[in-house]
Structure formats: structure tokens, C-alpha cells
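Number of protein chains: 2
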Amino acid sequence: MTSESVPTDDNLPEAHQSIMRATYRALCNHGFAEMTMQDIADEADKSTAVLHYHYDTKENLLVEFLAYMLTRLDEQIAEMEGASATERLQCLFRRLSPDEGDADREQFYRALLELRAQAPYREAYREQLRANKASIQQMVADIVRNGIETGEFRPVDPEQTARLVLAALDGARGAAIALGDEEDPRAVREGLNEFVLDSLRRENGENGENGESGDDTEVEE
Amino acid sequence: MTSESVPTDDNLPEAHQSIMRATYRALCNHGFAEMTMQDIADEADKSTAVLHYHYDTKENLLVEFLAYMLTRLDEQIAEMEGASATERLQCLFRRLSPDEGDADREQFYRALLELRAQAPYREAYREQLRANKASIQQMVADIVRNGIETGEFRPVDPEQTARLVLAALDGARGAAIALGDEEDPRAVREGLNEFVLDSLRRENGENGENGESGDDTEVEE
Numbered sequence: 001m002t003s004e005s006v007p008t009d010d011n012l013p014e015a016h017q018s019i020m021r022a023t024y025r026a027l028c029n030h031g032f033a034e035m036t037m038q039d040i041a042d043e044a045d046k047s048t049a050v051l052h053y054h055y056d057t058k059e060n061l062l063v064e065f066l067a068y069m070l071t072r073l074d075e076q077i078a079e080m081e082g083a084s085a086t087e088r089l090q091c092l093f094r095r096l097s098p099d100e101g102d103a104d105r106e107q108f109y110r111a112l113l114e115l116r117a118q119a120p121y122r123e124a125y126r127e128q129l130r131a132n133k134a135s136i137q138q139m140v141a142d143i144v145r146n147g148i149e150t151g152e153f154r155p156v157d158p159e160q161t162a163r164l165v166l167a168a169l170d171g172a173r174g175a176a177i178a179l180g181d182e183e184d185p186r187a188v189r190e191g192l193n194e195f196v197l198d199s200l201r202r203e204n205g206e207n208g209e210n211g212e213s214g215d216d217t218e219v220e221e
Numbered sequence: 001m002t003s004e005s006v007p008t009d010d011n012l013p014e015a016h017q018s019i020m021r022a023t024y025r026a027l028c029n030h031g032f033a034e035m036t037m038q039d040i041a042d043e044a045d046k047s048t049a050v051l052h053y054h055y056d057t058k059e060n061l062l063v064e065f066l067a068y069m070l071t072r073l074d075e076q077i078a079e080m081e082g083a084s085a086t087e088r089l090q091c092l093f094r095r096l097s098p099d100e101g102d103a104d105r106e107q108f109y110r111a112l113l114e115l116r117a118q119a120p121y122r123e124a125y126r127e128q129l130r131a132n133k134a135s136i137q138q139m140v141a142d143i144v145r146n147g148i149e150t151g152e153f154r155p156v157d158p159e160q161t162a163r164l165v166l167a168a169l170d171g172a173r174g175a176a177i178a179l180g181d182e183e184d185p186r187a188v189r190e191g192l193n194e195f196v197l198d199s200l201r202r203e204n205g206e207n208g209e210n211g212e213s214g215d216d217t218e219v220e221e
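Taken in order, these protein sequences are the chains called A and B.
Each residue of the first sequence is one higher than the one before, starting from 1 at the first, in the UniProt record's numbering.
Each residue of the second sequence is one higher than the one before, starting from 1 at the first, in the UniProt record's numbering.
By construction, these hints were calculated from the structure, which means they are not laboratory data.
Beta carbons: idealized from backbone N, C-alpha and C, even for Gly.
Hints should not be assumed to be uniformly reliable.
According to the in silico footprint, chain A covers these stretches of chain B (three or more CB under 8 Å from chain A) [claimed, not checked]:
#1 124-138
#2 141-149
#3 189-201
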């Protein structure tokens, strides 16, 4: 398997999913720099030979893992199909911000931050991270575009809006993980509600003054 | 010298400034992981003994360097004293976004990204990066607060606004440096103009429809 082919449920279902879940746990427990193929094999209860057979190198396995994470987010957003554009954006704000006090998830994001810092030097990581970003950007732009079409949002540039939203969520995650600034994710979600959602909903009968768009606890999971 | 004392022009003026400039060049040329005290000494045309005398360890020297960068930004913003809050925010947007096609600056930001990825594991880096962030956040909040006081901006939470602005600029810089997505910094600056500045200036006679707030080429350096 090459790093280009993202496995679907049809080809490698159980083995792939169990190795991907094992990779998540291994990243949480060992971090990016220290994690070995043996650590993943141990978590998956498989041999390293099996891992190398399916993914060849650790780099390839991690590229597949990044693709797998994207698929998971796609599924979560697809579940919101019937909701309003506002609700779908707020759901996405929460999915892309770390929950405070979840130590496992924090460990995982630390590992991801390290992997990302290697992206300028490692083309395979860079390409997959770019693909993930482009795909998530598309998701956000599609929600905004849909909101404009239904009259929920005023006309804006959906791509530019998506870039702003994702940059803010990304920056907040970085501050929380790298600097331990745990206030940032919530403050930035509230800021996105106050400035972006409020602005999107203006000139369409709903001007956000009813307290709705400033309250990010609406779409609690 | 300890990592707590930020040298001013009064104590270590020339030696400190020349070593800080040498550190910048060494980070550009060697990256964070590979850069040695010898590399900095070579750039500064000094011995490593002098470096160790002034800063003790490489870690301490890099902490001083992070403090030095903050002082530089402070000076640049202080130069904008007479400008409107809008102009000062737009100037800050540009200062905190990498210029496209500046290879040196890009190399430098790559090194900074690596240092930041080590922050969860290295307290000294984390503490100084937190201090830098808090200080820049204060700068932005002060500009917003000032804009509210003079009636240029509508009343908002200055701290929350500052967190949103900085997270977005940070995320855009990360995408540009880690993933090579060079469109992000400009798109995010325009998004901040479109959503944040436009919103701040609403309900104060200026609603941003005159093209001013949507044009980030105004404050060209």
C-alpha cells in the first residue's frame, strides 16, 4: 500500500481500523519523536512484520493515520446533515478545539504538533497535512455557501471565511497545546461566534442581538 | 545573566544586540534542532566562551532571544503612536504575518515553529513564549480598548477580541510555514478586516462599506 491510497472500509476494514486506533494510543503514550513501530505493534497486539507488510515504513503509516483522522471528521460532520449552517459551524468549532482537561487528547495534540513541525522537512507529512487542510477548508466553505444559498448568511467569500475560521481554531489549539493556554480555545470559539457568525447572520433578519450567536454552549455534545 | 532578566540598552547594549542578531542569522541558516552555540559564535564573530559567560546555556540564550523579539515588536508598535486604532491593528496584522517570498524570514519562522513544538517539554521556552503571547495580547487589547474609548470601535470584550485576532494570525503563519500554504496569511488578514475590523467599526458611523476596512494594502510598509 502506498501513502497515496486511503483505505476504505471495503479493503482493509478491521486490520486497518485497529492499527489506526493503536497508532492513536501509541502517539498519546509515547509522543511523536519517541514512538516506534514496536509501540504501535504492541498497542495493536500485532507483529511489526504485519505493520511493515501493510504500510512499509513508519512515515507511510503516519501518513495513512492523518488520512484516517480526516475520514473520521468527515463522518462526524456528515451526521449533522439536517442542522442549520450556524449549528454545523458551531459543531465544527468544537470538534477542532481541544476539550480542557482531557489528558489523552492533549497528549495526542502534542504529538500532532511535533509531526506538524517536521512538515517543512518531510514532504510526505506536508502533502497529507495539506490535503487534510484543503479538505476541512472545503467542508467549512461548503457550509458557508449553503448558508448563503438558504438566506441564513449574508453573501461573503466562503473560501476566505473558511481560511479565517480554520486559522483561528488552529492558532487556539497551538496556544493551548504548546503554551498550556487553556483559555484560548473557548475565548476563540466565543470570538468566532461574536464576530464571524454574528456578521454572517447580519442583514438577514437575524442580527445576533438575541444572544444566540454569542453562546457557544448551544451545541453541547 | 539568568533567563529572567531581559537586558535593556543600558546594561549589555552592543554585545547583547550583536549576539541576538547573530542568533537570528544562525536560526535562519541552521534551523532550531541543528543550531549550535558554535554557529551563533561564528555569526557573532565571538568565542563560545563569551556566549557561555553571558548566557550560560543555549536554552537561556534562546529564551533571551525570544524576549528580544518581543522588545522589537514593542518598538515597532510604539512608532505607530499617532495612528488610529484601525491603522494600528492593520499594522500589527502585517507584522505578525510572514511576507511571501522572503526566504530568510521563512527559514526563521520554521526554526521558531520547531522551538514552539518543544515548548510542552521545555519549561523555559514555554514560560517565555507565554510571556510573549500575554504581552502581544495586551498590546492588541489596549489598541481595541483605546478604539472603544475614542468611539472608533463599538464596545466589545478587548481581551476576547485580542485572543481571536492573535489565534488567527498564528494559525495562518503555521499554515504558511508548516504546510507552505502561502495564500493563508493574506486571506486571513483580509478575513480579519472583513469580519473583525468591519464589525468593530459598525454602529459608529463607519460601517466598512466605503472599502477602507476591506483593503489591507492601506498600511503598506
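Each hint, compared with the structure:
1. Look at the region 124-138 of chain B against chain A: 4 of its residues bring a Cβ nearer than 8 Å to a Cβ of that chain, three or more, so the hint holds.
2. Proximity of the region 141-149 of chain B to chain A, defined as three or more residues with a beta carbon under 8 Å from a beta carbon of that chain, is not established by the 0 residues found.
3. A count of 8 residues in the region 189-201 of chain B with a Cβ less than 8 Å from any Cβ of chain A is obtained; the coverage claim is therefore met, three being the minimum.
Taken one by one, the earlier hints fail for this structure only at number 2.
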